[in-house]
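Going down the list, the sequences are from chains A and B.
Okay, so the first sequence: first residue is 1 according to the numbering used here, each after it adds one.
Okay, so the second sequence: first residue is 1 according to the numbering used here, each after it adds one.
One or more hints might be untrue.
As the list claims (entries may be wrong) - What follows is a set of in silico ranges between Cβ atoms, one per label pair, in the way DEER data are often shown:
{"no.": "1", "chain 1": "A", "residue 1": "R13", "chain 2": "B", "residue 2": "G234", "range": "40 to 46 Å"}
{"no.": "2", "chain 1": "B", "residue 1": "K131", "chain 2": "A", "residue 2": "L144", "range": "54 to 60 Å"}
{"no.": "3", "chain 1": "B", "residue 1": "S12", "chain 2": "A", "residue 2": "L144", "range": "24 to 30 Å"}
{"no.": "4", "chain 1": "A", "residue 1": "G342", "chain 2": "B", "residue 2": "E49", "range": "44 to 50 Å"}
{"no.": "5", "chain 1": "B", "residue 1": "H11", "chain 2": "A", "residue 2": "K208", "range": "45 to 51 Å"}
{"no.": "6", "chain 1": "B", "residue 1": "H11", "chain 2": "A", "residue 2": "R73", "range": "17 to 23 Å"}
{"no.": "7", "chain 1": "A", "residue 1": "Q65", "chain 2": "B", "residue 2": "S12", "range": "25 to 31 Å"}
In short, the hints are calculated from the structure, not lab data.
Here a beta-carbon is modelled for each residue, glycine too, at the ideal position from N, C-alpha and C.
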Amino acid sequence: MTALSHRKTIWDRLHIDWPLLVALLALMSASTVIIFSAGGQEIGIVYAQLKRIGISIIAMFVIAQISPMMLQRWVLPIYAACVILLVGVLLFGESSKGAQRWLNIGVTRIQPSELMKLAMPIMIAWYISRAHLPPKIRHLCVGLILVVMPTLLIMKQPDLGTSILIASSGLFVLFMAGLQWRIILGALALAPVAGYAFWQFAMHEYQKTRVLTLLDPESDPLGAGYHIIQSKIAIGSGGVDGKGWTQGTQSQLEFLPERHTDFIFSVLSEEFGLIGVTLLLGIYLFIIARGLYIAVNAQDAFGKLLASSLTLTFFVYVFVNIGMVSGLLPVVGVPLPLISYGGTSMVTLMAGFGIIMSIATHKRILVN
Amino acid sequence: MLQRRNTIRDHSAEANLVARRAFAAFIFVLVLIAILFVNIYNLQVNDSESYKTRSNENRIKLLPVAPNRGLIYDRNGTLLAENRPVYNLEVVPEDVKNISETIDQVSNYIDITAEQKEKFLKSIRRTRRFKSQVLKNRLTPDEVAVFSVHQHKFPGFSIEARLARFYPYGDTLTHALGYVAKLNKTELFDLQAQELDTNYRATRDIGKLGIEKYYEQMLHGTVGSQEVEINNRGRIIRTLSESEPVPGKDLVLTIDIGLQQVAQEALGDRRGAIIVLDARDGGVLAFYSNPSYDPNLFVHGISSKDYRALLNPDSPQLNRVTKGIYPPASTIKPHMAVLALDENVVTEKTQIHDPGFFQLPNADHKWRDWQPWGHDKVDVYKAVEQSCDTYFYEVSYRLGIDRISDFMYKLGFGQRTGIDIHEEKTAILPSREWKESRYKVPWYPGDTPSVGIGQGYWTATPMQIANSVNILVNKGVHHPPHLVAATKHADQVQILHRDEKPPVVLKNPKNWDIALKAMHNTVLRGTAKPAFLGSEYDSAGKTGTAQVVSIAQDKEYDADSLQEKHRDNAMYVGFAPFSNPEIVVTVAVENTGGGSSVGAPTARKLMDYYFSNKPESLVGKP
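Next up, chain A with everything else stripped away, as it sits in the complex (with noise of 0.2 Å):
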């Protein structure tokens, strides 16, 4: 192997891919900058948020030590137990907000779903890369019920953002791993009938309130519409540059429901402009491009497969909470990755950082 033959850098004995790395911090101190703005201009949520990102790097920089086969010796027993904790928030999870999410488990709360965003694609990648690729059908079968399952145990929270997630993060691994064009046709052919039977069946009457005010906003501005109403005018009336930091007046006399959360992209657009927008557009660009790039450059089929889910679902992220406060998606709870104020999914997405920054960079090891 050609990488052998090169002397190992500091980055490599880290297990840190450093374009990646720099990337990832650009966002978050964009993200305490923005906090700052939207929090009201008080310098103690700052610090929280910096206390987070610290923990967050701490656990990429962790979970980048293990190597791939050690995730692939464990995923069995992580997503088995996953999954019985996603049973037991159904049936003894505590309520916040109207939704089933935390576990108390004695020592702390937990929330099984954060978990399973990081054990779906471990175990889809497993599970898909013992065969040889493209998967057969019944591989894919077994794969759509591992997939599934867990979708649907969350979606009961009601959760349907991380359901989202969390049903895209397998379905990547499926597609990446060679899934038929014509089964994809397909299944997008029937995406309007499933739509329409998911409409019927199985989403929660405030899921559907969203959807249709997606649709006309305007109908309601000072019920359900109303977010979407603000946001939309935060962003549009920040122009080209911008109203400038802190002068956001949609977000500072807080027109902007959620501010600092999942609406914080309004408030970058409404106080950076077009300008500050094409920056993060093209950071998230970036990070996408290098984790296909590091997939492509994996080592084994594992690993490939493993590195795209994460950084596909990434961008479902992106895709999803900007396409929300923008007036194209219906209001679901996603945040804007590593911007939005918020513990829990930045240590999960940094975690996921540091199993592509693990795949990058354990290539040697790996020798037959």
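Use these hints to put chain B onto chain A, whose structure you have.
What follows is chain B alone, placed relative to chain A:
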């Protein structure tokens, strides 16, 4: 698990497959990011202007700022209506930890009733927590002082001042000034109809009566505005710009408050009206209706107890000056004399025999003179001096109703005088047409003699009587009566110009002089002589004693009170000085006796005051 490991994998084919898929995925990502970007580009570039407008609409509100109401002064500059701060105890609920407990502590310093507390706690449940709410209004100066000392112990509690109308002279001027009170729905609709409602967006009170109502638009001023930035809950963050309200114009009345107070004292507890007109311009020096009431009660919303007290049989709310309906009685005998002379039904020398009664030819009915034995031979002077009824029965019979009602209409009877308040009645000047439309029967010759002595169908308001005498005194020149002399704005006094009404022209102007001379004689040796003995000025006048056929107010006929209400009304009209008249005094006192015993002495009190405390004349002032 391990068996698969051993199967041979085509690693490069798999790597190619993943690479192709990664490429496809990346293209897909690019397309979706492009969609996001195009959408945001549309929002931030193409539609940016409209979103900028909407973001400003969100945050910028225009708050109206109420103008200060114009003040009202009397002719000497004494303040009659002012704006005084009233102090309210207000609370911002957000800033108080335990509201109920804190209110109990505050009540150690300011008396807060359980009712007030309950009302307050109820009201804060319905409003924003950062909005100041009134806990108690109209604090006394003592309460303000005591609480100010302890205020630091109660964050969130504060004493707020607001301007409210105050009438320092209370019930002395109510019927002329009127009052302001809270703007109601009907008034708001009226303002909307006149497209004035935007000017009242910040206004709490509006003129309800009297001058306050008539001059509402002058007194009110123009609303100002404040452009403020608000947050999503409507809390004001900062003021962006301000345009000051324009205060209302101050009014200077023709009223002389000293004379007005004399009028009030002179009437005491008797029902009636007193008017003093400036003979030279029609300005009203005194305008008093008794009983009166305190207008300040209405400014803050009158309590039902206070309001019930106003609903007594003496009708304090009735403005007797302009809405009291009285038979003019003998006060119009000089007017009748002028007409008779000018129509030549009598001359200055004509003598009529008075046996104590008058009879129409071929009829039995006797119209009695007030003096049962009559006045023997009576000419026009004696007729006025002695108030001889028979003379005027005869004269009116000779004139006929048509000439009487035509002339009296010219003197202002049967119509509004046009004084500058809205509360005014026309009363009844009888005529052929009036009787036919009112009673569906023709005018009979027997209807005329009573009209000749100001009785019968004829009724008038004291203001009409005063106005008619003023025309007489001015020999036909008609200065319409008015209460407001000028407006004042930042020390700039502007006299309100008033149109003269067309003068009353006689065939022989000397006839005015005969009537005025007869009125002079009345004071020198006639019915008003006892009242004016020893006065330091030369006055003229005419007494009147009205038989009360119907009660003065437009009330239902009330058998129980008939006895008392049946007593005579005392009337007096007079002017002074005789040679160069300055004032015309009119007195009407209900159910107390005769014009010479009650009316004339009351008028004298006013003239005495006027000539010893002569107010500055507003005529000829720049």
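Comparing the hints with the structure gives:
1. One distance hint, 40 to 46 Å for the beta-carbon pair R13(A) and G234(B), is violated here, with the actual separation near 59 Å.
2. The hinted window of 54 to 60 Å between K131(B) and L144(A) holds, with their beta carbons roughly 57 Å apart.
3. Checked against the hint of 24 to 30 Å, the pair S12(B) and L144(A) passes, with Cβ atoms roughly 28 Å apart.
4. For G342(A) paired with E49(B), a C-beta distance near 34 Å fails the hint of 44 to 50 Å.
5. Evaluation of the 45 to 51 Å hint for H11(B) and K208(A) yields a pass: the beta carbon distance comes to about 48 Å.
6. Remark: the range hint 17 to 23 Å for H11(B) to R73(A) is upheld by a beta-carbon distance near 21 Å.
7. For Q65(A) paired with S12(B), a C-beta distance near 30 Å keeps the hint of 25 to 31 Å intact.
In this structure, the earlier hints numbered 1 and 4 are contradicted, and the remaining ones agree with it.
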